[in-house]
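Q: These protein sequences, in sequence, are chains A and B.
Residue 29 in this note's numbering sits at position 13 of the first sequence; the count goes up by one each step and never skips.
Residue 95 in this note's numbering sits at position 96 of the second sequence; the count goes up by one each step and never skips.
Keep in mind that a hint or two might mislead.
Claimed, not checked - Taking lysine-lysine pairs in the BS3-like style, the calculated list, with each CA pair at most 27 angstroms apart, reads:
hint, chain 1, residue 1, chain 2, residue 2
1, B, K26, A, K168
2, B, K80, B, K90
3, B, K80, A, K168
4, B, K43, B, K90
5, B, K80, B, K43
6, B, K26, B, K90
FYI, nobody ran anything at the bench for these hints, they're computed from the structure.
This one's a predicted model, so the numbers in the text were calculated from it and none came from an experiment.
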Amino acid sequence: MQLTSLIDPAYVLLGVEAENWRDAVRRACEPMVAAGAFAPAYVDDIIAAAEDIGPYFVLTRGVALPHGLPETGVLAPALGICRLAEPVEFGSAANDPVRYVLAFGSADPEEHLEALTLLTELIGDAAFFETIDTASSPDPVLAYVRRAETAKEEV
Amino acid sequence: MYHALVCCRAGMGSSMMLKIKADQVIKENGYPILTRPGNLKALKAFTGDLLITMNDLVDEAEGDGIYAVGVDDILDVRQIKEGLEAFLASKGWEPSEATEHAE
Numbered sequence: 017m018q019l020t021s022l023i024d025p026a027y028v029l030l031g032v033e034a035e036n037w038r039d040a041v042r043r044a045c046e047p048m049v050a051a052g053a054f055a056p057a058y059v060d061d062i063i064a065a066a067e068d069i070g071p072y073f074v075l076t077r078g079v080a081l082p083h084g085l086p087e088t089g090v091l092a093p094a095l096g097i098c099r100l101a102e103p104v105e106f107g108s109a110a111n112d113p114v115r116y117v118l119a120f121g122s123a124d125p126e127e128h129l130e131a132l133t134l135l136t137e138l139i140g141d142a143a144f145f146e147t148i149d150t151a152s153s154p155d156p157v158l159a160y161v162r163r164a165e166t167a168k169e170e171v
Numbered sequence: 000m001y002h003a004l005v006c007c008r009a010g011m012g013s014s015m016m017l018k019i020k021a022d023q024v025i026k027e028n029g030y031p032i033l034t035r036p037g038n039l040k041a042l043k044a045f046t047g048d049l050l051i052t053m054n055d056l057v058d059e060a061e062g063d064g065i066y067a068v069g070v071d072d073i074l075d076v077r078q079i080k081e082g083l084e085a086f087l088a089s090k091g092w093e094p095s096e097a098t099e100h101a102e
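All chains, please: the whole structure from these sequences, using the hints.
A: What follows is the structure, given as C-alpha cells:
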C-alpha cells in the first residue's frame, strides 16, 4: 500500500494552534476521527501511553509521529500531516520542540512497509518540510509525496 | 548471527521506521545482526541478543537484563552505528569480520 493512499487531503492541516502536546495530538488526529479512520479511543490511547512512558513517538528533531495500539481503534490505515502554528514541547530531551505532527494508524504495519520506508526518507528531507511550511493548501504537500513515491518506483 | 528486536510500545509506526534505519546501517556495515519489529509484549517474551529501541524504553529493557541500544533520533545513523558496534564489541566481534553484502 502506498503512502499517498494513507493521506486524504482532509488529513493535511497547516498552521494549527495547539496549547500543549496533548492538544497538538488531538488536533492532528481530528480529521482522521471525523473520517472514521480512528476511533476516539485510539487518540486517548496515544495520549495515555505518552503520559505513562514518555513521548516515544517524537522520532527526530521537531517531528512527532503519534501512534498507538491499533486494537484500541484504528478502523482504516491513515496518516495525517499537521504543521503547528507554533512549536510545542513534547517532553523529548533530544527532539523538542515539535513543529510537525504526523499521526499514524495501521492495523498491519508489515503491509505498509513500503509506505513507512518512504515516510522515513521524507522525515529526513528538508525540502519536504519546506513544502509543508510554504503550502497554503494540502495540494503541494500531497503532490510532493506523490512525486517522491513515483521517483522511488522508477528506481 | 545475532537477533535484534526493534521495539516500540505499539510495534507499528516507530518500530518499523527504526527497523528500516537500523537495517540500512547493518547492511552498509555488514554487521551480523538480523532485526525484527515488535511491541512491548514481544519485549516481555524476548529471547534474542539485543534490543534496539527509542531511548525512552531502554531503562525498562535493561531492568530485565537485556542489552539495549537506545536511539534518540531515528535519523541519527551515527548513533545507531555506534550503538550496534558497542553491542558487537561486547560480544568480542571485530569490524574486520564484516561481510560485504553485494547488491
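Q: Would you mind marking each hint as holding or not holding in the structure?
A: Hint check:
For the hint linking K26 (chain B) to K168 (chain A), the alpha-carbon distance of about 19 angstroms falls within 27 angstroms, and the restraint holds. Between K80 (chain B) and K90 (chain B) the CA atoms are separated by roughly 15 angstroms; this keeps the pair inside 27 angstroms, and the hint holds. Distance restraint check for K80 (chain B) and K168 (chain A): the Cα-Cα separation of roughly 25 angstroms lies within the 27 angstroms cut-off, and the hinted pair is therefore satisfied. Taken as a hint, the K43 (chain B) and K90 (chain B) pair is honoured in the structure, with Cα atoms around 23 angstroms apart against an allowance of 27 angstroms.
Restraint check for K80 (chain B) and K43 (chain B): satisfied, since their Cα atoms lie roughly 25 angstroms apart, inside the 27 angstroms limit. Note on K26 (chain B) and K90 (chain B): the hinted pairing holds, with a Cα-Cα distance of about 19 angstroms set against a maximum of 27 angstroms.
Violated hints are absent here; each numbered hint is respected by the structure.
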